[in-house]
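K.L.:
Chain by chain, the residues:
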Amino acid sequence: MAGKIILCRCEDMTLADLVHSVERGYADIEEVKRYTGFGTGPCQGKECLALVATELAKITGKPPATIPPFTARPPLAPTPLKLLARDPGAHRFADETDADE
Amino acid sequence: MSDVDDDHDDDDHDDRVRQATVGHGPLPDRCEIAIVGGGVVGLSIAYHLAKRGLTDVVVVERGYLAEGASGRNGGGVRQQWATEMNIRLMQDSVELCRRFAVELGVNVWFRQGGYLFLARSAKEVARLEKNIALQNRCGVPTKMIEPSAARDIVPELDLTGIVGASFNASDGILFPWPFLWGYARQAAVMGVKIFTNTAVTGLDPVASGGYTLHTSRGALTARRVINATGAWSPQLAKLVGIDLPTYPIRHEICSSEPLKPFLRPMVCEMASGLYCSQSMRGEIVGGVTIPGHGSTYDMGSTLEFLATYARRLVRLMPVLGDIKVLRQWAGPYDQSPDGNPILGPASPAHPDFFLASGFVGHGFMMAPIIGKLYADWLTGETPHEIFERSSLGRFADGSGARHAKEDFNLG
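From first to last, the protein sequence lines are chains A and B.
Using my numbering, you'd call the opening residue of the first sequence number 166 and step up by one each time.
Using my numbering, you'd call the opening residue of the second sequence number 31 and step up by one each time.
Keep in mind that the hints were calculated from the coordinates and are not lab data.
Be aware that a few hints might be false.
[Stated by the list, open to error] Sample of chain A residues with no beta-carbon within 10 angstroms of chain B, all distances over it, derived:
1. Met166
2. Arg199
3. Gly206
4. Pro207
5. Pro240
6. Leu249
[To be verified] Capping the alpha-carbon separation at 30 angstroms, the derived lysine-lysine pairs in DSS-like fashion look like this:
7. B:Lys268 x A:Lys169
8. A:Lys223 x A:Lys247
9. B:Lys435 x B:Lys160
10. B:Lys435 x A:Lys247
11. B:Lys290 x A:Lys211
12. A:Lys169 x A:Lys247
13. B:Lys173 x B:Lys435
14. A:Lys211 x B:Lys153
15. B:Lys290 x B:Lys268
16. A:Lys247 x B:Lys290
17. B:Lys173 x B:Lys160
[Unchecked claim] Where chain B lies over chain A, by a calculated footprint (3+ residues, C-beta under 8 angstroms):
18. 192 to 198
19. 220 to 226
Ideal Cβ positions, reconstructed from N, Cα and C, are used throughout, including at glycine.
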């Protein structure tokens, strides 16, 4: 049954995957992220992080408040490269000229 | 991407196969070899030692496996280098990568789509040609190709300003994280003990040889200690009074939303250090080298990086303008003064303190062969020549000047 309970929809990570990760000794939220891949898809953990943390607290017997979220990474939301490319803060290399504008 | 593991087979009743890979029990009092650092270099050494029968090995990691550069790199595996040593080592590493999934029972999504280096000036072309001549002599079939041939390989390229390219089809990419699970798992199954969240706070020499490691989990006495802490190597070496000349340089990287497979090779632009590849997960993973960032352990992310990467990548492949960046992060290069690693005993006064440092951003791709050669040596084989020429002493006695400097640390 645990193999059919999805915790992270972006990366198809199930409750069974979480249990397996903890059994292997990868029980820190950052380790679980890397071992199972949860939270690395389009939502970047916005939908799954609290759910995984809640289940992780249950499995490990830790108080939920002692499980911090994994490190948040920019950008805040998926952002097209063409918008970022127009940011004036971009470094200019020696081979770039005004003609590139 | 779950189920990166090996043994869901219920018929397997071997207790050791069922145990945790990463131990939470007490540290043993002593061991033959203590490896400090649970990154790919330390775990590769541990795995290869165990494979050769030396299983009295303990790995201690301050944080979690893959926390440092091993979990933060772009997964590139190439043989296009500027020194014969690196070319030959990487030929062997590619072979080990090809066998990794079968030998270690974990899918590392290794894919040989080649590496394409793009030149925008005659000077860059000359540099590639010089490297290719050396690569060809070593048996790596890299070719210099016309810009139009580069577009045959990557039709999305805008060739404006591109004057030449080098391509080697047997270079490739892998997904770094499962590489560590594979090494750790198989090392643990063979008897290696791995402890995470275990910081080394002191190293006391033992009169009869070796060291006592004081850790957050207790004391451990080891006959030999290997410093495999990557960019943090100088801090650990300092505990025995040794100054390492390596220093950390932050490199940023980012990943896009997953796309259908379309990009075969790793694409690198020499002028900017821009690189990008499409992982087997479909994401475009890449970075760019912004010059002038000083030595730092700060692994924060910047908009300057993201803007620069986007500007260069969209200029090179305009069709990518609409793809979305999901996540950016950073990792440290363990920068050595001559671009070559620092290996072997730290000094005549510290013959039992071994170094595995200074891989300058390519420690991941080197780790399979370095771990194997290190283990061969520590279990009695004649040391590979890399150990003699990579000594820390080369910086003091000038012997390092005899050997070519690696200057192709692009991307």
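K.L.:
Each hint needs a verdict: does it hold in this structure or not?
P.N.:
Now the hints, each set against the structure:
1. Met166: Answer for Met166 (chain A): holds, closest chain B Cβ roughly 16 angstroms.
2. Arg199: violated (5 angstroms)
3. Gly206: Violated, because the least Cβ-Cβ distance between Gly206 (chain A) and chain B comes to about 8 angstroms, which does not exceed 10 angstroms.
4. Pro207: Violated, since 6 angstroms does not exceed 10 angstroms.
5. Pro240: Contrary to the label, Pro240 (chain A) does not stay out of reach of chain B, its closest Cβ about 6 angstroms off (not over 10 angstroms).
6. Leu249: violated (4 angstroms)
7. B:Lys268 x A:Lys169: Violated - the C-alpha atoms of Lys169 (chain A) and Lys268 (chain B) are around 50 angstroms apart, more than 30 angstroms.
8. A:Lys223 x A:Lys247: Cα-Cα ~43 angstroms, so violated.
9. B:Lys435 x B:Lys160: This hinted pair holds, its Cα atoms lying about 14 angstroms apart.
10. B:Lys435 x A:Lys247: The hint is violated at about 38 angstroms.
11. B:Lys290 x A:Lys211: Judged against 30 angstroms, a Cα distance of about 24 angstroms means the pair holds.
12. A:Lys169 x A:Lys247: Cα-Cα ~39 angstroms, so violated.
13. B:Lys173 x B:Lys435: Measuring from Cα to Cα gives roughly 23 angstroms; hence the hint holds.
14. A:Lys211 x B:Lys153: violated (47 angstroms)
15. B:Lys290 x B:Lys268: violated (48 angstroms)
16. A:Lys247 x B:Lys290: holds (20 angstroms)
17. B:Lys173 x B:Lys160: holds (11 angstroms)
18. 192 to 198: holds (count 3)
19. 220 to 226: Answer violated; 0 residues pass the 8 angstroms Cβ test.
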